[in-house]
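If you read the sequences in order, they're chains U and L.
Here our numbering is used: the first residue of the first sequence is 1, the next is one more, and so on.
Here our numbering is used: the first residue of the second sequence is 1, the next is one more, and so on.
Don't take every hint at face value.
Stated by the list, open to error - Residues from chain L that keep clear of chain U, each with C-beta distances beyond 12 Å, as calculated:
no.	residue
1	Arg15
2	Ser123
3	Ala233
To be verified - Reference excerpt, derived from the structure (chain L facing chain U, CB under 10 Å, subset only):
no.	residue
4	Phe49
5	Leu74
6	Glu230
7	Glu232
8	Val235
9	Ala240
10	Asn243
Said to hold, decoys possible - Okay, the calculated beta carbon distance ranges per label pair:
no.	chain 1	residue 1	chain 2	residue 2	range
11	U	Ala63	L	His206	18 to 24 Å
12	L	Gly248	U	Glu83	43 to 49 Å
13	U	Arg29	L	Met1	54 to 60 Å
14	U	Ala86	L	Gly229	23 to 29 Å
15	U	Phe65	L	Ala94	40 to 46 Å
16	L	Pro53	U	Arg18	40 to 46 Å
17	U	Pro10	L	Ala94	32 to 38 Å
18	L	Met1	U	Glu91	49 to 55 Å
19	U	Ser38	L	Met1	54 to 60 Å
Calculated from the structure, these hints are not laboratory results.
Just so it is clear, CB atoms sit at the ideal spot from N, CA and C, and this is done for glycine as well.
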Amino acid sequence: MADRAYRAAPADALRIERLGELTAIFDRRSMQTHLVVSPVPEMLNAMGADACTPAGIAERLAATFDLGSAEDAQPILAERLSELAAMGLVERA
Amino acid sequence: MRHSTRIAVGPVQFRIGSDWAAPVAALERLYAAYPRDDARPADATVRLFAARPWRRWLRPSVHIGGDFVVPGALPLPLAMGLLAAEMGMNLQVALGWRRHLLLHASAVARDGRALIMSGESGSGKSTLAALLGEGDWRLMGDEFTLIDPQSGDAFAFPRAVSLKNSAIAEVAARVDAARLGPLLAATPKGDVRHLIPRTDAIAAMHESARPALLLFPRFGGAASIEPMGEGEAFVRLTEASTNYVALGEAGFAALTRLVRDTPAFGVTYADSAEGIALVEQLWADVLK
Numbered sequence: 001m002a003d004r005a006y007r008a009a010p011a012d013a014l015r016i017e018r019l020g021e022l023t024a025i026f027d028r029r030s031m032q033t034h035l036v037v038s039p040v041p042e043m044l045n046a047m048g049a050d051a052c053t054p055a056g057i058a059e060r061l062a063a064t065f066d067l068g069s070a071e072d073a074q075p076i077l078a079e080r081l082s083e084l085a086a087m088g089l090v091e092r093a
Numbered sequence: 001m002r003h004s005t006r007i008a009v010g011p012v013q014f015r016i017g018s019d020w021a022a023p024v025a026a027l028e029r030l031y032a033a034y035p036r037d038d039a040r041p042a043d044a045t046v047r048l049f050a051a052r053p054w055r056r057w058l059r060p061s062v063h064i065g066g067d068f069v070v071p072g073a074l075p076l077p078l079a080m081g082l083l084a085a086e087m088g089m090n091l092q093v094a095l096g097w098r099r100h101l102l103l104h105a106s107a108v109a110r111d112g113r114a115l116i117m118s119g120e121s122g123s124g125k126s127t128l129a130a131l132l133g134e135g136d137w138r139l140m141g142d143e144f145t146l147i148d149p150q151s152g153d154a155f156a157f158p159r160a161v162s163l164k165n166s167a168i169a170e171v172a173a174r175v176d177a178a179r180l181g182p183l184l185a186a187t188p189k190g191d192v193r194h195l196i197p198r199t200d201a202i203a204a205m206h207e208s209a210r211p212a213l214l215l216f217p218r219f220g221g222a223a224s225i226e227p228m229g230e231g232e233a234f235v236r237l238t239e240a241s242t243n244y245v246a247l248g249e250a251g252f253a254a255l256t257r258l259v260r261d262t263p264a265f266g267v268t269y270a271d272s273a274e275g276i277a278l279v280e281q282l283w284a285d286v287l288k
């Protein structure tokens, strides 16, 4: 589970607007609006178009953010990815 | 239908048909000062009809129909025909309008800028708008505010204001009785009485106004002003919009722009005078 790879939705499928502490994401494919908070926007941004594992995302995020221990961050990222997959914003690679 | 009329409120042209004369006559009195163009195609149709032919006469009860219907909605007694017409008009706009993002919110304007107030029933948004509209504000509407997806501007929907319960006496004390409709007592919404907007508000009903302030009023409790973040305002307004989902990305873009460009506050007030004072204070602050 923890090392399962995901791919973010194609960039043109989502419209992402930061609204203060919340971020609103409009999914053009489902016409649904999702409201998310950090670290979800940062994760989607870090994933780009690549297939990413939680470890890979942790590595990319660590370049910009202070994640503390990357090992501690990975299970949290894995959980967020699985939630994002349920919302249709990422899919299993 | 046996009786019918046309009414234009803001950009919406209604065709209203009724099995009875009384509701149409009452509507024509409330909307006599509104511009009328019977040749224009109707955007929305409202039908007030009897469930069975004999029900026109025997304990007549009004069913509400039109382009959209709410299955299982209970009919109203004929004495409340005007309320049935109002509910029918609201329903058709709420479910059918696509040209603007529709917010369940009242609005007033001053100097070409709009104050938009969103809140649940009982928040006082309608009464505040009515009272401000009797001062030096232009009433844009007590129920719906339309946001143009292209420009982001607010458009008016100044239907006859639906005053409820204690608001009736409060407003009636300030206006000419000729601007009030009949008292509809003990309706499902309590006592209801309609207020015809001022003629200047009706004459200006096609003029847009750039949103300047978003308020989420709450009636009852100690006076307070709480700044509201863009995210919370967005969530509340998606809930207050009847066509946000139907508009798709255009609605998303219009709403994100509105909450980004317009300062928002939650305000609590104990009475109308206090509510108006808070509004004026915030208006002066944001337009500084």
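Comparing the hints with the structure gives:
no., hint, result
1, Arg15, "holds, 31 Å"
2, Ser123, "holds, 23 Å"
3, Ala233, "violated, 8 Å"
4, Phe49, "violated, 35 Å"
5, Leu74, "violated, 33 Å"
6, Glu230, "holds, 4 Å"
7, Glu232, "holds, 8 Å"
8, Val235, "holds, 7 Å"
9, Ala240, "violated, 14 Å"
10, Asn243, "violated, 13 Å"
11, U:Ala63 with L:His206: 18 to 24 Å, "violated, 54 Å"
12, L:Gly248 with U:Glu83: 43 to 49 Å, "violated, 24 Å"
13, U:Arg29 with L:Met1: 54 to 60 Å, "violated, 43 Å"
14, U:Ala86 with L:Gly229: 23 to 29 Å, "holds, 26 Å"
15, U:Phe65 with L:Ala94: 40 to 46 Å, "holds, 44 Å"
16, L:Pro53 with U:Arg18: 40 to 46 Å, "violated, 59 Å"
17, U:Pro10 with L:Ala94: 32 to 38 Å, "holds, 34 Å"
18, L:Met1 with U:Glu91: 49 to 55 Å, "holds, 53 Å"
19, U:Ser38 with L:Met1: 54 to 60 Å, "holds, 57 Å"
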